[in-house]
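S.K.: Dock the two chains into a complex; use the hints.
Line order of the protein sequences matches chains D and F.
For the first sequence, our numbering assigns the number 207 to the last residue and increments by one with no breaks.
For the second sequence, our numbering assigns the number 134 to the last residue and increments by one with no breaks.
Hints in this document: simulated from the structure, not taken from any laboratory.
Heads up, some of the hints might be wrong.
For each label pair, taking beta carbons as the anchor points, the in silico distance ranges come out as [as the list claims (entries may be wrong)]:
(1) F:105 <-> D:71: 51 to 61 Å
(2) D:128 <-> F:45: 18 to 28 Å
(3) D:110 <-> F:43: 39 to 49 Å
(4) F:79 <-> D:71: 40 to 50 Å
(5) D:156 <-> F:43: 23 to 33 Å
(6) D:108 <-> F:99: 41 to 51 Å
(7) D:172 <-> F:88: 39 to 49 Å
(8) F:62 <-> D:41: 11 to 21 Å
(9) F:30 <-> D:30: 56 to 66 Å
(10) D:172 <-> F:87: 39 to 49 Å
(11) F:91 <-> D:83: 17 to 27 Å
(12) D:172 <-> F:43: 13 to 23 Å
Not close to chain D: a few residues of chain F, all C-beta gaps over 10 Å, as computed [said to hold, decoys possible]:
(13) 40
(14) 75
(15) 89
(16) 95
(17) 99
(18) 103
(19) 106
(20) 113
(21) 118
Each computed PhoX-like pair below joins lysine-lysine, with the alpha-carbon atoms no more than 20 Å apart [what the hints assert, rightly or not]:
(22) D:105 <-> F:78
(23) F:33 <-> D:152
(24) F:30 <-> D:140
Where a beta carbon is used, it is the ideal one built from N, C-alpha and C, also for glycine.
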Amino acid sequence: MNDWIFIEQLKEGDTSAYKSFVETWQDMVYNTSLGILQNAEDAEDVTQEVFVQVFQSIHSFKGDSKLSTWLYRITLSKAMDHIRRKKRKKRFAFVKSLFGEEGELTEQPADFNHPGVKLDQKESAAVLFRALNKLSDNQRIAFTLHKLEGLSYQEISEVMKLSVSAVESLMHRAKANLRKWLEEYYSKS
Amino acid sequence: MKAHTEKQQKIEAALKSLDGVERAKAAPYLFTRIYARLNKDEESIWEKILQLISKPSVAFLGLCVILALNGSILAWVSGEEESQTAEHQIQQEFAEDYNLAVNTYYDYEIK
Chain D
19 MNDWIFIEQL KEGDTSAYKS FVETWQDMVY NTSLGILQNA EDAEDVTQEV FVQVFQSIHS
79 FKGDSKLSTW LYRITLSKAM DHIRRKKRKK RFAFVKSLFG EEGELTEQPA DFNHPGVKLD
139 QKESAAVLFR ALNKLSDNQR IAFTLHKLEG LSYQEISEVM KLSVSAVESL MHRAKANLRK
199 WLEEYYSKS
Chain F
24 MKAHTEKQQK IEAALKSLDG VERAKAAPYL FTRIYARLNK DEESIWEKIL QLISKPSVAF
84 LGLCVILALN GSILAWVSGE EESQTAEHQI QQEFAEDYNL AVNTYYDYEI K
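Excised from the complex, chain F in its bound form (with noise of 0.2 Å):
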């Protein structure tokens, strides 16, 4: 009982100790250091960037736009391709029924 007593004082001034606290202070010339480390930080806005580059989520991410740019172009070029392919083989087809195909002047003379 008298330990039970003894433990719940405890725990009831533990949860008081704080009334009452004054504020901390902080250290002198705290101005002085600001004000260098502001300077600093406006020196070192390459810093900055580099620092944000090399973090690993933006790295990833720029690594991840590159190769969807990468792909999309790819996709693009490919399918372009394909309706060049497709052009040309209608125009060779086309030239060939009406025999338009005729290129050097040798064809001519054959003709």
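Next comes chain D alone, as it looks inside the complex (with noise of 0.2 Å):
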């Protein structure tokens, strides 16, 4: 359907249309949180609360930008808000458990593996994914759009409003990082 047919009718509030638009977005904005996030309900819980964004402003959208490269965005922020959040949660747990109280959040997660991963390379991506974790947040965000979204650099540089030349030194940057962790991990091993 086309973009700005669906954009009226969510803006009429027609129920079909949110169905219609969470049936034709919902991996997309899921796949991408989870290659975010490496977790599939954190993952889950972020796509709902993306598409309520959505649908709470989308008087809001303007058609300046497709309306896909609105959605990554809102889909990167609203994970990267998560990862915070998560981050502010282990702090107050760490800060608790100084003081003798009982924190959460104390485990270290289990590797992720990501399930569109071919049955082969299952343990040299669950590597891989650790070593994402490893990367400032703009290396990982173009990183991932790129291999699991298969997102081009120019379509990564709408994404992020940077120049394309900007992306391809973060894909470098992030390559390169990414081989050095990398090597680490296996001379250990």
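M.R.: Written as structure tokens, this is what we have:
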């Protein structure tokens, strides 16, 4: 369906348009969230938050960018917010533990397995996902969008509001950092 | 040498492990959950306001605004009082100089 027709129907509050909209974009939003958060429950939670935000702010969508670009931006912003919230909780739990109170979230998360990865590559992918956590936010976002969502550098530049050369540079540094971390990892193991 | 090659192969394999990855699928009935959440969010506008107010940064800002308002009102009132006192003093001096400070009938009698 044409983006504009979709948007107009959403603005009118048409429930069937809502449903159709979610069905069209849910996998894209979920897959992106999952790539960033590396946790299925968190990704589902963020996916719900994204669509709620979309429906609440659809009136402010002016159409300056593509609908998919707008959705990617909301998804990434929500996912990064979720990570920050989790980090805050961890810090708070740590401080609480210093004062002798029992804190949550002290356990290390298990290796993440993306459901779309081929069976023979699961092990290598799990190591790569661990390495992705060591990257800066922008490098991680660019790498995830490129590898998991198959976006071109041009599309990533639109989502991240950067120039294409800046995205190229981000990807180059991301690959170099990943290689460095993987070298250390495989040297130890 | 062999170990080094093996390590390099593992690194390359890890870097290429996401090539050809398929999109993860969202859980079924996602729309039902989103719709329920949307309605719940619409109902709890007061909760949102309370959440906003209870944020430490907002609460601190509110406190600062109240203190600033108090301070400015205090400064304004004391400034006005001072000017009123000075004005009153001038009036009194003027009345005394020209013997205008007759307030009671008794004062007239004495004169």
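S.K.: List in ascending order the numbers of the hints, as given earlier, that are violated by the structure.
M.R.: 4, 11 and 13
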